[in-house]
Amino acid sequence: MDPLANLPFAKGDVALLAPIAIPALFGLVALLLDLALDPRGSKTPLALVNALGCALAGFAAVVLWKGDTGTVGLGGAMVASGLSTGLALAILLGTTLMGFATAHHGTGAGPVRTTLAHGELYGLMLFGTSGMLALVVANDLVTFFVAIETLSISVYALTGADRRLARSAEGAMKYFVLGAFSSGFLLYGMSLLYGAGHTLRLDQLALSTLDPSLRPMATTGTVLLLVGLLFKVGAVPFHAWVPDAYEGAPGVVTGYMSVGVKVAAFGGALLVLEAVGRSGALSTAGIWGLWAVAAITIIAGNAGALTQRNPRRLLAYSGIAHTGYLLVGVVAMLRCFDEYHPAADSGDLLLASKDAVAGVGYYLLGYAAANAGAFAVLCHLERGGEEVERVSDLAGLARTSPGAAVAMTVSLVSLAGIPGTAGFLGKLWVFRAGVGTGDVGLVVLALLASAVSLYYYLYVVVVMFMHEPLPGSAAAVAAEPRRWASRLAMGAAATATVVLGVWPNITRLLGVDLLELMSDGAEALL
Amino acid sequence: MEAIEIWWIPLVIFAPLAGALLNGLFGKRIGKGFVRLVGVGTPTLAFVLSLAAFFGLFYADYGTSPRAQVVAFRAEGKPEVIRAIKAELERRAAGSLGPEAAWQFRIEDDGEVLRIRNASPEDTILRDLHTRYAGSVEFGPAHEVASPRAYAWNLGEWFAVAGLKVDFSFTVDRLAIVLMLIVTGVGSLIHLYATGYMGHESPGTFARFFTYLNLFLGAMLVLVMGSNLLLLFIGWEGVGLCSYLLIGFGYEDEDNAACGTKAFVVNRIGDLGFVLGMFTLLVAMRGLGAEPSLDFAALNNTLGATPGSLPLLGPACLLLFLGATGKSAQIPLHLWLPDAMAGPTPVSALIHAATMVTAGVYMIARLGAVFTAATVWGVPVLGIVAMIGVLTAFFAGMAALGQDDIKRVLAYSTISQLGYMFVGVGSAAMGAAVFHLVTHAFFKALLFLAAGSVIHACHSQSMREMGGLWRKMPATFWTMLLGAAALAGVPLLSGFFSKDFILFNALVRFNSTNSSPLWGFIYALGVITGLVTAVYSTRMICLTFFGEYRGHGRPHESPSSMVGPLVVLAILTVLGGLLGLPKLWTHKEELLPGEWLGPMWPFIEERLAGNMPADLHSLESMGLAIGSVAAVAGVLVGVVFWGRRHPSEIAWESRQTGALARARAVLANAWYYDLVVNKWGFQPATKFLAGLLWRNVDDAAIDRGLVDGTGRVAVQLSLFVRSFQNGQVARYAGYFVLGVLLLTTSVAIFSVPSVLHTVQRLLGS
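If you're matching them up, the sequences are chains A and B in order.
Counted from 1, the first sequence has number 403 at position 403 by my numbering; the numbering is strictly sequential.
Counted from 1, the second sequence has number 238 at position 238 by my numbering; the numbering is strictly sequential.
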């Protein structure tokens, strides 16, 4: 008897899993390969394996996941569209770059204080990436939850990767406890939603008509589900873990999670919110609730970043602020389901909401490149496991390693949203959608906040370019010529940031039109 | 507008950018000679290219030989006659090897006008034809070029998202070329001057300084040449960033850092207005059912086509104008400029005065049709622009009277002159505003360079420690005297003509039918400001160059590398006025900037037509007379009060008590605007929040560079946010639960329809 005869889906659909399976396979390869490497030497072979896995997965995603209208596959367990391809590329870009950035971690002339094991590091990064890719195509709540847990557990373990460092362990513990806590809310929300909608599949939930008496239950379920997602993206007030985990984890892990987890969680959130939005489970009230979360997140994230002097904590709060800007786009996307909206059911509103989805996608891509760039520079400056702990340690970097200073500047300028970088295009796209759906107040707040944010981003630039190096600081020590992998990572990230901001169409040469992917994805979703 | 595609147009921008790249990458290693060559060479290359573009454009419109003009046949309602004439002429031109071969034909105005380029009204064939069709056609030289040519080049699509397509395309039309010549021309001179001024710096610093200067120039050129609002915004932010770097250059003292920060914060407010204005324009376009676009041509043609009918247009333009007040230092965002100019090197002060701060004026001129069409509650936005402009001009001009620091005098004077330019655009006299922009770039550059030379000699910026320098520094004295006279508006110098042209236009608006009496106020205050300008210019010259020398050391004339640019600029200052002689005195009107630029805003004449006062010439004579009297009176007042006297003998300079001293203190502190904003705006808010948030600022080790008066509120908020982070998981979980409760209850409360409606009304649009 053919064991595959009773599958609940077409056999060809198995291929759709390739982009998810490839990173996991390469994770195993990395684990095994590490056994054969010199424990104190450079880990560039692992970085190459990592990059190869990501490249193959990216290729598979581009080829297999392109669906103009959203391909539902695997018996409804997954749905792939241009948006998922785009987000998958953002995630894979982050993993590749951070893989290169960490290849020389802990090497160097001085004493080595790190206990980071590279085999596990790359393995876990690739396993987590698998989960992230599964999350951006999840079409049923079970897939969704499994994907979230796959990526979460990898990241918990990664946060504590520097085992003997108390700070690292502490950060991991906090992240894990709070993460488990949030998973509880997530699951509870899912079960309530299932109770109300009688389906686990998001596409069916979207089209179902909810029994009016069950609507409060559906709304409660949705809110609890949202809480779980808001925790993952670091929205206020569920953000408390972010600064501690970002500071505690090794720099490379922070870079990895700041990119991958955020992109994947937002990708998953878009899918879920479309379903609960369309079905009415997330009522207009829920949209306003999200509006409030966006506003508070923007304010608190930027305010928190203003006085930070530890670069990783600074980027942690900056990441929270960006979550807030992205939530502006999410709110704008949901407006087309807002039955009380003055322009409800109008074509303009739907157009603006689609813009919002595509904008969020592009924003995430730019954010991935810029954040990976900033962390790659920090990884590049690490010596023997000693990380850059103060912004003032970067003083005079422009003189000692101008390349790193320029890469950092490009990243920060993009995060600040200055024209000519990917960050600007993302902001333009998202905020314009926000204005289009009538959320002008929120957009004004976001613009004001981005104006403030320039202050702390440029402060770092000023320190790098205008201050004298401090004796003994990371910038004062001459760069190690051997660290070519992290140079590659910085250069690639900075290039990507500029290209995505100046000439996004160049990606057509590679067979992918990123702008169109996002628009197609938006079309498929709404 | 007819665009001719020329591939090398973007090179004008790439030249200084390439210079920045070369100097940034290799400058330090190769050495100062290389930096000097690249730093001065690339802007000069850009200048040469701009000149080429200018002459190209000029000849494209006016032909290449003296006989080459545009002549026209007009026959209203008889297109068949025009076609017959054209056929005849084409036949002749095709068979001829003479001058007729150069003829270019163009039928316009629904076939009723035939224009022939590169021809002369004296050509016998044309005269013959005129006699043959006498009675049915009019014939004569066409002074105006119906649609001036422009150069353009599109580097390709930047992005096309959600129906909005934006290209990297650059347009060089008559407006842009004027600005390009100023930016690259005066810019090159400044670079040259800087090689001397910064000569003693280390190679690394030297290379870095020129990298920033070149980047600044490149960004400014993007601002000027971009053919859409987004490219203009790239340049806008680019010059802002470079300026931030330049103001804080060296970071020797905390004051410079604070000035950079202040400039930065104030400009962010302006930029916010700019971005929101841009979004609102897009929404307004969607409201019209037009394809959303940020191209200037599209904006001007769609939004500018229907005056007063679009409700969103007024707010959009006001927001853009807020952006302009930030960049161009107008009320209420003017407070950053004096500090930014007094602190750092004269080089950066100068490049700001000559280029960046005029960006706001340029932006409004670019969007001329949109701005003329915009009204807010029935008030034309341009009227508001003119009012803000004249108020700024007056208050800043008065403030200049109270300054001791010579660079502060020039800084306030810059704000004041920018105010005039806004009066110009506000009076819908965009050409006049651009003309003043040009002459101001000449004479203000001259004044800054001369002031730099004086400071160089006296080692002080305070005019109290100068005096009697005219014998010791004759070249600096004479050139600065010319600059100050131009600033004062002394008749026949460039500043006189350009300022007068602006005030004349305000006067025209006052005398137009249906105009507001406020235009009278604007004109009167403009004239009074002219008087004040003359007084403070004279005061500056008297205190600096006459009387006894009051400083230390033995001042002497600056080296020729510094005097050379002074002489060049002095010549330009004197001759610049020829670019825009009053219509009274010239017959070649079409070549004057005001007129030559006129076709850039064809709708303005249409919109003002019918409202124009009948006798423009007598109005112009009156304006010229009043302006001259004000300037001469101001100079006389200055000479009588200051003259050669020692400051201690002058009541205004020396009185310590009494009304005069109080008045002077008010002006010296620029009407206490800074103080008031700090004291009544920021500080109470800070105190309130500090009390509320219980935390002391000193608790956290915060670098002083970051925290100034304006930042304190934010710091308090920041510490508040951080105070949640005490490291205890239990507490974090507590926040989490609190958050869940808040979210669920708020969603539950929002679900009550009446609450929901209230929320919708308060926060929705």
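Quick caveat, the hints were computed from the structure, so don't treat them as lab data.
Note that the structure is a prediction, hence the values are computed from the model and not measured.
Glycine included, each C-beta is placed from N, C-alpha and C at the ideal position.
Worth double-checking, as some hints may not be accurate.
[Unchecked claim] Just a few of them, taken from the derived set where beta-carbon distance is under 10 Å, the chain B residues facing chain A:
1) K28
2) I30
3) A160
4) L230
5) L401
6) G739
[Claimed, not checked] Derived pair list, reagent style SDA-like, types lysine to any residue, alpha-carbon separation capped at 20 Å:
7) K78(B) x T131(B)
8) K165(B) x A152(B)
9) K78(B) x K165(B)
10) K78(B) x A152(B)
11) K165(B) x V502(A)
12) K165(B) x W503(A)
13) K165(B) x V498(A)
14) K165(B) x P402(A)
15) K165(B) x G289(B)
16) K66(A) x D13(A)
17) K472(B) x E557(B)
18) K165(B) x T507(A)
19) K78(B) x R29(B)
20) K11(A) x L52(A)
21) K165(B) x R399(A)
22) K165(B) x L351(A)
23) K165(B) x N505(A)
24) K86(B) x E112(B)
25) K32(B) x P402(A)
26) K472(B) x P599(B)
27) K165(B) x E291(B)
28) K32(B) x D13(A)
29) K165(B) x V499(A)
How the hints compare with the structure:
Given hint, K28(B) at the interface with chain A, holds; its Cβ is 8 Å from that chain's nearest Cβ, closer than 10 Å. At its closest, the beta carbon of I30(B) sits 14 Å from a beta carbon of chain A; the interface hint therefore is violated under the 10 Å criterion. The interface hint given for A160(B) is met, as the beta carbon of that residue sits about 7 Å from the closest beta carbon of chain A, less than 10 Å. For L230(B), the interface hint holds, the least distance from its beta-carbon to any beta-carbon of chain A being 7 Å, beneath 10 Å.
For the restraint placing L401(B) at the interface with chain A, the shortest Cβ-Cβ distance is roughly 34 Å, beyond the 10 Å limit, so the hint is violated. A hinted interface residue such as G739(B) counts as satisfied when its beta carbon comes closer than 10 Å to some beta carbon of chain A; here the least separation is about 4 Å, so the hint holds. A distance of roughly 17 Å separates the Cα atoms of K78(B) and T131(B); the hinted pair therefore holds under the 20 Å criterion. Under the criterion of a C-alpha separation no larger than 20 Å, the hint pairing K165(B) with A152(B) is consistent with the structure, at around 17 Å.
Distance hint between K78(B) and K165(B) is unfulfilled; the C-alpha atoms sit about 42 Å from each other, more than 20 Å. Of the pairs offered as hints, the one joining K78(B) and A152(B) is violated, with about 35 Å between alpha carbons and a cut-off of 20 Å exceeded. Annotation: proposed proximity of K165(B) to V502(A) holds, straight-line Cα distance about 13 Å (limit 20 Å). The straight-line distance between the Cα atoms of K165(B) and W503(A) is roughly 13 Å, inside the 20 Å bound, and the hint therefore holds.
For the hint linking K165(B) to V498(A), the alpha-carbon distance of about 19 Å falls within 20 Å, and the restraint holds. Between the alpha carbons of K165(B) and P402(A) the distance comes to roughly 35 Å, so the proposed pair goes past 20 Å and is violated. Taking the CA atoms of K165(B) and G289(B), the gap is about 16 Å. The hint holds against a cut of 20 Å. Simply put, K66(A) and D13(A) have alpha-carbon atoms about 14 Å apart, close enough for the 20 Å limit, and the pair holds.
The hinted pair formed by K472(B) and E557(B) meets the criterion: a straight-line CA distance of about 6 Å does not exceed 20 Å. Pair hint K165(B) plus T507(A) holds up; C-alpha atoms about 17 Å apart against a cutoff of 20 Å. For the hint pairing K78(B) with R29(B), the CA-to-CA distance comes to about 72 Å; that exceeds 20 Å, so the pair is violated. Restraint check for K11(A) and L52(A): not satisfied, since their Cα atoms lie roughly 27 Å apart, outside the 20 Å limit.
At most 20 Å may separate the alpha-carbon atoms for a hinted pair to count; K165(B) and R399(A) exceed this at roughly 40 Å. For the hint pairing K165(B) with L351(A), the CA-to-CA distance comes to about 16 Å; that is within 20 Å, so the pair holds. Restraint check for K165(B) and N505(A): the C-alpha separation of about 12 Å stays at or below 20 Å, so the hint holds. Note on K86(B) and E112(B): the hinted pairing holds, with a Cα-Cα distance of about 11 Å set against a maximum of 20 Å.
With a C-alpha separation of about 19 Å, the suggested pairing of K32(B) with P402(A) holds against the 20 Å cut-off. The suggested pairing of K472(B) with P599(B) is violated, with an alpha-carbon distance near 49 Å, which exceeds 20 Å. Between K165(B) and E291(B) the CA atoms are separated by roughly 10 Å; this keeps the pair inside 20 Å, and the hint holds. In summary, the hint linking K32(B) to D13(A) is not supported, as the alpha carbons are separated by about 65 Å, beyond the 20 Å threshold.
Taking the CA atoms of K165(B) and V499(A), the gap is near 17 Å; set against the 20 Å cutoff, the hint holds.
Hint compliance for this structure: hints 2, 5, 9, 10, 14, 19, 20, 21, 26, 28 are broken, all remaining hints hold.
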